[in-house]
Amino acid sequence: MGSIKLDGLKKAFGSQTVIPDANLEIADGEFVVFVGPSGCGKSTLLRLIAGLEEPTDGRILIDGRDVTHAAPARRKLAMVFQSYALYPHMSVYQNIAFPLKMAGEKADVIRVRVQEVATSLDLLPYLERRPRALSGGQRQRVAIGRAIIRQPAGFLFDEPLSNLDAALRVSMRTEISELHRRLRSTMIYVTHDQVEAMTMADRIAVMNAGRIEQFDTPLELYRRPANMFVAGFIGSPKMNFIEGARAREYDARTIGIRPEAIDWSIDSGKWRGRVERVEHLGAETVVHLSLDTADILTFRTPLDERLVAGRTIHVSPREDSIYRFDGEGRAIPGPKRNP
Amino acid sequence: MRSLRPTLFKAAMTFLGWAVALLLFFPILWTVLTSFKSEVEAIAFPPAFWPSGWTLENYFEVQERSEYFGHFLNSVALSLGSTVIGMLIAIPAAWSMAFQPAASTRHVLMWMLSTKMMPAVGALVPVFLIFKSAGLLDTLPGITLIVLVGNLPIMVWMLYTYFKEIPADILEACRMDGATVWKELVHVLLPMSLPGVASTMLLNIILAWNEAFWTLSLTAVKAAPLSAFIASYSSPQGLFWAKLSAASTLAIVPILIIGWISQKQLVRGLTFGAVK
Numbered sequence: 005m006g007s008i009k010l011d012g013l014k015k016a017f018g019s020q021t022v023i024p025d026a027n028l029e030i031a032d033g034e035f036v037v038f039v040g041p042s043g044c045g046k047s048t049l050l051r052l053i054a055g056l057e058e059p060t061d062g063r064i065l066i067d068g069r070d071v072t073h074a075a076p077a078r079r080k081l082a083m084v085f086q087s088y089a090l091y092p093h094m095s096v097y098q099n100i101a102f103p104l105k106m107a108g109e110k111a112d113v114i115r116v117r118v119q120e121v122a123t124s125l126d127l128l129p130y131l132e133r134r135p136r137a138l139s140g141g142q143r144q145r146v147a148i149g150r151a152i153i154r155q156p157a158g159f160l161f162d163e164p165l166s167n168l169d170a171a172l173r174v175s176m177r178t179e180i181s182e183l184h185r186r187l188r189s190t191m192i193y194v195t196h197d198q199v200e201a202m203t204m205a206d207r208i209a210v211m212n213a214g215r216i217e218q219f220d221t222p223l224e225l226y227r228r229p230a231n232m233f234v235a236g237f238i239g240s241p242k243m244n245f246i247e248g249a250r251a252r253e254y255d256a257r258t259i260g261i262r263p264e265a266i267d268w269s270i271d272s273g274k275w276r277g278r279v280e281r282v283e284h285l286g287a288e289t290v291v292h293l294s295l296d297t298a299d300i301l302t303f304r305t306p307l308d309e310r311l312v313a314g315r316t317i318h319v320s321p322r323e324d325s326i327y328r329f330d331g332e333g334r335a336i337p338g339p340k341r342n343p
Numbered sequence: 002m003r004s005l006r007p008t009l010f011k012a013a014m015t016f017l018g019w020a021v022a023l024l025l026f027f028p029i030l031w032t033v034l035t036s037f038k039s040e041v042e043a044i045a046f047p048p049a050f051w052p053s054g055w056t057l058e059n060y061f062e063v064q065e066r067s068e069y070f071g072h073f074l075n076s077v078a079l080s081l082g083s084t085v086i087g088m089l090i091a092i093p094a095a096w097s098m099a100f101q102p103a104a105s106t107r108h109v110l111m112w113m114l115s116t117k118m119m120p121a122v123g124a125l126v127p128v129f130l131i132f133k134s135a136g137l138l139d140t141l142p143g144i145t146l147i148v149l150v151g152n153l154p155i156m157v158w159m160l161y162t163y164f165k166e167i168p169a170d171i172l173e174a175c176r177m178d179g180a181t182v183w184k185e186l187v188h189v190l191l192p193m194s195l196p197g198v199a200s201t202m203l204l205n206i207i208l209a210w211n212e213a214f215w216t217l218s219l220t221a222v223k224a225a226p227l228s229a230f231i232a233s234y235s236s237p238q239g240l241f242w243a244k245l246s247a248a249s250t251l252a253i254v255p256i257l258i259i260g261w262i263s264q265k266q267l268v269r270g271l272t273f274g275a276v277k
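Residue numbers (my numbering), protein chains in the order written: chain A, 5 to 343; chain B, 2 to 277.
No lab work stands behind these hints: they were computed from the structure. Treat the hints loosely; a few may be bogus.
Claimed, not checked - Taking CB as the label site, the calculated pair distances span:
| hint | chain 1 | residue 1 | chain 2 | residue 2 | range |
| --- | --- | --- | --- | --- | --- |
| 1 | A | ARG186 | B | VAL109 | 48 to 54 Å |
| 2 | B | GLY136 | A | SER19 | 51 to 57 Å |
| 3 | B | ILE262 | A | THR123 | 40 to 46 Å |
| 4 | A | PRO129 | B | LEU114 | 47 to 53 Å |
| 5 | B | LEU9 | A | GLY18 | 56 to 62 Å |
| 6 | A | THR123 | B | ALA22 | 53 to 59 Å |
| 7 | A | THR60 | B | SER105 | 19 to 25 Å |
| 8 | B | PHE46 | A | HIS93 | 46 to 52 Å |
| 9 | A | HIS93 | B | SER115 | 34 to 40 Å |
| 10 | B | PRO192 | A | THR203 | 26 to 32 Å |
| 11 | A | SER19 | B | ILE86 | 49 to 55 Å |
| 12 | A | HIS93 | B | THR181 | 41 to 47 Å |
| 13 | A | PRO24 | B | VAL109 | 30 to 36 Å |
Predicted, not measured: the structure shown is a model, and the values here were computed from it. All C-beta atoms in this analysis are idealised placements derived from N, C-alpha and C, irrespective of residue type, glycine included.
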């Protein structure tokens, strides 16, 4: 039980509108990621759902129940904060037990539940420790423990991994996905990291300037971005955008080509350019090429030692992988017109 | 030569530290020493540093002439009463200003502080007249009320500063976990700001204990705390330095002991958040 519906949700701080009009339907048990650049309103949207911010207009429904003005605790949602927000003066045990204690649960029930949760999160040896005596990953697990102990209808994660180092981030990512598979409850996860979004989400809401630009599965976002913002945000390195005569050839204001959809050759190809910079990542090489116009084209290719800065080469985009956008930046659907 | 300069500097600073400490402590030491002298020796010139014959006579006489213990109890009641009631008002006030600030919060804080910048004597006549018509002159509730009101701005300011140090995330987590405002206060906010709360209380106890202006103006016999009791030894009949010193020593000893025991806590609280 944990479907969440946002209906015309609006949030303004004074005269500044942060979320103009958010509409979203999240199914029960779904793992949804809000992704976008910093300041795009994704955290505000999460806080509105949590009840930590009061919406200016619109409604929030959880399981069909209108909770727009309900107190955070009454929404049956648990939240994991970026800073973990553990209670520093309490032991791990007391931190995890806190929500049950607030709910007036009996002491022996609490003890059993804390044991269960601590076991599932490998926290048993640390129950008596204070948060400051734990590592970052352990603190994160305590925060998760505190969230799951209440068996909430849904979980809200606010950039929970951004304080961890890269290796730990990967393993915690797996742990959270595993948690979702085990609990099958609704999760909303906010991040600015598109890799986290792509690897964890059932569906992703890509946000920009307070608007939800597109809400779809990771692969659909990659394959069929609704506009230039989504096309540029999903995928790494970023999609190449080319305007002018080359785009007009395809009947579009702008065309987009993913770095992985470009073939190159020394002596022949559609466009000619000079290699500006070569980044050897080991398994693959990322090449930045300046075309004879001002356009810079980035593409990735298997390691090849003939690719050196200053060399002139030829490239050809794969015709079936060219995205077309109109003057407003919206994707133009339909088959690509070959010249 | 190179290693001599830091050593010299350190020695000079140590000397300076001791000099300042002695300068500050000397009046207290002198009071205590004088309290063990005879009245004649106390006004002798040139003054003798050590009492020639250590005597407890002054203490006996002070206790005989004026009921020390009664005044002591008044001081305790005044300090604790104004502190406890003050905290009950200051904690909610500081909470709302720190966590639910309105556009005018900063102005309210400044306005509260500005009342401490006005000389208390400016309000004496109206306060005296109000107290007179309300029948509060020389009563414990009356003097507690005025000391409480006088110290409230400091308490609110201090608590506000400590509360501001608590990360907003933690209080939000608390709300997500289902805590009411009251539970949030009891289980999270107060334990987390304990050093600050303790030093606010301590400072207020000390301020109330040492309050002399209002106690001298608004109490006489029944409600007079130790600060008023000392002053009764500088009377129109003349100054009795030795007895005055004995009375002063008796008055400051309790607060000196409290201060001594809690100085670590007090310093920690007063510098809370200064170094992070």
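To see whether the hints hold, each was checked on the structure:
Taking the beta carbon of each, ARG186(A) and VAL109(B) are about 51 Å apart, inside 48 to 54 Å as hinted. Taking the beta carbon of each, GLY136(B) and SER19(A) are about 54 Å apart, inside 51 to 57 Å as hinted. Checked against the given bound of 40 to 46 Å, the beta carbons of ILE262(B) and THR123(A), roughly 45 Å apart, stay inside it. Restraint check, PRO129(A) to LEU114(B): a C-beta distance of roughly 50 Å satisfies the suggested window 47 to 53 Å.
Here the CB-CB span from LEU9(B) to GLY18(A) is close to 59 Å, well matched to the stated 56 to 62 Å. Distance hint check: the CB atoms of THR123(A) and ALA22(B) are about 57 Å apart, consistent with the given range 53 to 59 Å. The supplied range of 19 to 25 Å is met by THR60(A) and SER105(B), whose beta-carbon atoms lie about 22 Å from each other. Separated by about 59 Å at the C-beta atoms, PHE46(B) and HIS93(A) break the suggested range of 46 to 52 Å.
Look at HIS93(A) against SER115(B): about 35 Å separates their beta carbons, and that is inside 34 to 40 Å. Between PRO192(B) and THR203(A), the C-beta spacing of about 39 Å breaks the proposed range 26 to 32 Å. Under the hint 49 to 55 Å, the C-beta atoms of SER19(A) and ILE86(B), about 42 Å apart, miss the expected range. Look at HIS93(A) against THR181(B): about 19 Å separates their beta carbons, and that is not inside 41 to 47 Å.
Take PRO24(A) and VAL109(B): their Cβ atoms lie about 34 Å apart, and the range 30 to 36 Å holds.
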